[in-house]
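Engineer: Chains as they are written, first to last, in the numbering used here: chain A, 51 to 390; chain D, 68 to 471.
Any given hint might turn out to be false.
With a straight-line cut-off of 35 angstroms between C-alpha atoms, the simulated DSBU-like cross-links for lysine-lysine are [stated by the list, open to error]:
(1) D/K280 with A/K123
(2) A/K378 with A/K290
(3) D/K280 with A/K290
(4) A/K290 with D/K299
(5) A/K101 with A/K331
(6) A/K389 with A/K161
(7) A/K369 with D/K430
(8) A/K369 with D/K280
(9) A/K331 with D/K280
(10) A/K52 with D/K280
(11) A/K242 with D/K299
Listed next, the stretches of chain D that the computed footprint assigns to chain A, with coverage defined by at least 3 CB atoms under 8 angstroms from CB atoms of chain A [said to hold, decoys possible]:
(12) 177-183
(13) 276-286
(14) 293-299
(15) 337-347
(16) 426-433
Hints in this document: simulated from the structure, not taken from any laboratory.
All of these numbers come straight from a predicted model, not from anything done at the bench.
All C-beta atoms in this analysis are idealised placements derived from N, C-alpha and C, irrespective of residue type, glycine included.
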Amino acid sequence: MKRFIIIIIVAVVVIAVVLFFVLRPKKVVEVVVVPEIKVGLVTDVGKVDDKTFNQFAHEGMMRAAEEFGFEAKYIETLQPTDYDKNIQTFAEEGFDMIVTVGFMITDATYKMAGQYPDIKFAGVDQFYAEPLDNTMGLLFAEDQSGFVAGALAAMMSETGVIGIVCGMEIPPVIKFRKGYENGARYIDPGLKVLGVYIDSFVAPDRGKAAAEAMIADGADVIFGAGGPTGSGGIVAAMEKGVYGIGVDQDEYYTTMGGGPAPNLLTSAMKRVDNAVYSAIKAFAEDTFKGGHYMNNASNEGIGYAPFHDAADRVSKDVKARLDETLEKLADGSLETGVKL
Amino acid sequence: MQKDYYRIIIFSGLTLLLNLLIIRFSFNFPKEQAVSLMGFGTLGKLSMFTGRSIRILGCIGLIGSIIPFVKKFNRYVNLSFFTTAFTTVSAIILWAAVGSLFDIVGLLDLSLRLSTPIVLGAMAGMLCERTGVINIAIEGMMLTSACIGFTASLYLNNIWIGLFCAILSGGIIALLHAFLSITMITDQIVSGTVINILAVGLTGFIRRSFLLKARLTRTAILPIIEVPLLSKIPILGIIIFTNQPIVFLMMGLVVFISIMLFKTRWGLRTRSIGEHPEAADTVGINVFKMRYLNVILGGSIAGLAGAWFSLETTGSFDDMMTNGKGFIALAAMIFGKWHPVGAFTGGLIFGFFDALQIIFQIKNIPIPPQFLWMLPYVITMIVLAGVIGKSIPPAAIGVPYRKQ
């Protein structure tokens with residue numbers, strides 16, 4: 051009996067704490083109030099200011115909403131089981147377009163798109179085996195992004211050895227790695243590129259160990275391509291005083307916490323903000339088509355982050371050549387040579 | 068006796084075959100063309116003819132595998148296992164070292180470092196299980212303490228306080244496990260699972276609510292300490308005496324807990340409770356108190372392992388950053404037969420193959436990294452199957468104690 055009472059008390063306390071956090075007023079921000087057309091954003095687990103794809107998708111949506119006079123709202127997903135529910139909330143409130151963020155939310159998006167054929171859906175990093183008329187998967191040319199990073203690494207390397215710390219061996223990461231290798235060889239065919247796949251995206255300790263082993267082998271630029279695992283590699287580079295290159299977003303603000311980071315050259319970016327903007331723009335201009343939309347150098351879907359603290363160590367020639375490479379990739383005169 | 072003989076034939080026969088394969092493999096390297104270069108830190112480099120060296124290794128392995136067949140030495144089945152494990156790994160490394168320098172000291176140093184959280188986790192689990200409380204919550208304890216330790220270090224701006232908080236939070240989570248499984252007599256597996264899930268939610272919540280909003284996202288990491296004089300010893304100086312604090316603590320704890328567990332009264336009581344709590348109670352040992360004490364001690368050690376991730380290695384915290392090491396620690400604990408030195412060996416094997424896998428990828432050796440990553444688990448299964456001495460858990464494990 052005594053035990054039963056204790057369990058009840060513990061349960062009540064836990065429920066009270068949970069309710070306290072759940073029932074806090076929801077932060078749904080209204081920005082532009084033109085009630086005709088409504089665009090909604092469902093984040094992956096996280097927040098719209100968490101410095102990941104969620105934030106960039108939100109920025110892209112706000113830019114488009116402002117430009118085209120849409121009403122824009124977002125829902126922050128608390129846990130993966132809420133994906134369906136959050137999308138449905140927007141759908142039932144009569145939103146015209148729903149943007150979902152992340153590979154994880156693919157199935158929920160596809161399912162909901164089937165249920166609400168009149169609503170347009172755009173999914174960041176999502177590939178649908180059989181795309182519907184109202185779904186647009188926003189994909190990225192990671193190979194081009196890696197290519198630019200590799201070109202920069204090759205130009206900055208003094209030892210002639212550079213390294214890349216990858217996450218799991220899945221298509222986007224493989225594209226980053228092969229692009230990086232080809233980009234480096236585009237600048238210097240004799241360059242040695244060391245590479246490691248780590249079988250997890252959240253193993254910064256092992257990423258760091260891999261980078262340290264590469265640095266011991268002479269690598270003086272480390273490209274960390276694969277979430278926190280890659281960031282572990284960048285941390286190793288910073289500690290050993292060699293160059294590091296981030297991935298996906300500007301890691302100057304995320305991994306390095308806004309600096310100072312004199313050795314972080316740049317980050318090979320996936321411009322999720324531009325991709326979301328383009329998708330909403332297509333909807334606004336009535337050119338929205340079901341299928342997949344490849345974001346690459348030609349539509350500013352990929353690029354590289356500012357040099358920040360490393361700016362004075364990257365010479366004008368290097369920057370010029372880097373921009374030239376990016377332009378050539380954009381106009382199609384240069385191919386990354388990455389085939390999957 | 069008959070059964071033992073089959074064991075020898077099957078097991079030593081397999082290792083015999085493997086060593087013959089190694090010798091066959093050695094003929095792939097013509098004498099003058101293939102030279103292996105091994106680096107031994109400050110001692111310099113050693114160059115060897117690959118083919119001949121591998122052949123010698125294969126012969127050593129052959130001898131080791133044949134010995135158990137001799138009637139007089141029947142009980143040395145383990146010998147064939149250990150020599151073959153040694154020759155196989157050495158042969159692979161020699162192969163990898165063909166043409167380019169292979170830094171043995173670097174490999175061992177990396178192995179020791181990567182094995183640290185596994186060894187600590189294994190010892191944490193061992194302390195709990197030696198008193199009869201199953202602890203599969205090591206992963207959750209490690210994750211929580213990695214997060215709390217980092218948060219404390221970030222906000223209080225002192226990494227040593229962070230380390231202390233990590234150890235403390237490991238102990239507190241362990242207290243929860245102890246309360247659920249000893250006082251409330253919950254199923255210990257369920258309690259452990261709940262704590263693992265709780266840790267994921269709790270740390271995710273702390274990260275989103277506090278860490279992402281913090282002005283800084285990184286802190287300094289624990290400094291590298293060089294033991295005076297001892298760090299000047301060639302090879303060992305780099306591998307053992309030049310490390311970060313938690314690696315030192317880990318090695319110290321292995322020795323300390325071995326002595327405590329097998330030479331002191333506390334150790335005897337701990338072990339007796341794990342084997343036969345009723346008997347221990349009869350002679351006046353407070354079973355509940357000892358179980359609480361050991362589970363909390365184990366949790367604190369798991370907390371230290373958690374601090375290895377956030378405070379010693381990366382200086383940041385990411386969701387799920389312990390990445391299953393807590394469960395690998397359990398495998399290492401079983402491999403080590405619930406003994407601190409065994410746990411150390413088991414942890415080292417996992418760390419070694421992880422390091423080897425990384426270095427092989429860098430060297431572009433065409434052995435799939437997944438294969439090397441798999442090997443320690445295969446070895447653990449061989450141990451579990453009782454081939455090299457049976458791994459027997461404490462008798463009272465998983466059984467809650469009720470006072471009559």
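Engineer: So, for every hint listed, does it hold in this structure?
Structural biologist: We went through each hint and held it up to the structure:
1. Straight-line distance between C-alpha atoms of D/K280 and A/K123 comes to about 22 angstroms, which keeps the hinted pair within the 35 angstroms bound.
2. With a C-alpha separation of about 34 angstroms, the suggested pair A/K378 and A/K290 falls inside the 35 angstroms cut-off, and the hint holds.
3. With a C-alpha separation of about 28 angstroms, the suggested pairing of D/K280 with A/K290 holds against the 35 angstroms cut-off.
4. For the given pair, A/K290 sits about 22 angstroms from D/K299 by alpha-carbon distance, which is consistent with the 35 angstroms threshold.
5. Distance restraint check for A/K101 and A/K331: the Cα-Cα separation of roughly 23 angstroms lies within the 35 angstroms cut-off, and the hinted pair is therefore satisfied.
6. This hinted pair checks out: A/K389 and A/K161 have alpha carbons roughly 30 angstroms apart, not beyond 35 angstroms.
7. The suggested pairing of A/K369 with D/K430 holds, with an alpha-carbon distance near 31 angstroms, which does not exceed 35 angstroms.
8. Under the criterion of a C-alpha separation no larger than 35 angstroms, the hint pairing A/K369 with D/K280 is consistent with the structure, at around 33 angstroms.
9. In summary, the hint linking A/K331 to D/K280 is supported, as the alpha carbons are separated by about 32 angstroms, within the 35 angstroms threshold.
10. Pair hint A/K52 plus D/K280 does not hold up; C-alpha atoms about 42 angstroms apart against a cutoff of 35 angstroms.
11. With a CA separation close to 33 angstroms, the supplied pair A/K242 and D/K299 stays within the 35 angstroms bound.
12. For a cut-off of 8 angstroms, the count of residues in the region 177-183 of chain D with a CB near a CB of chain A stands at 3, and the three-residue condition holds.
13. A stretch counts as covered by a chain when three or more of its residues have a beta carbon under 8 angstroms from one of that chain; for the region 276-286 of chain D and chain A the count is 5, and the coverage holds.
14. Residue count for the region 293-299 of chain D with a Cβ under 8 angstroms from a Cβ of chain A: 0. That is fewer than the three needed, and the coverage hint is violated.
15. Look at the region 337-347 of chain D against chain A: 0 of its residues bring a Cβ nearer than 8 angstroms to a Cβ of that chain, fewer than three, so the hint is violated.
16. For the region 426-433 of chain D, the stated coverage by chain A holds: 3 residues have a C-beta nearer than 8 angstroms to a C-beta of that chain, and at least 3 were required.
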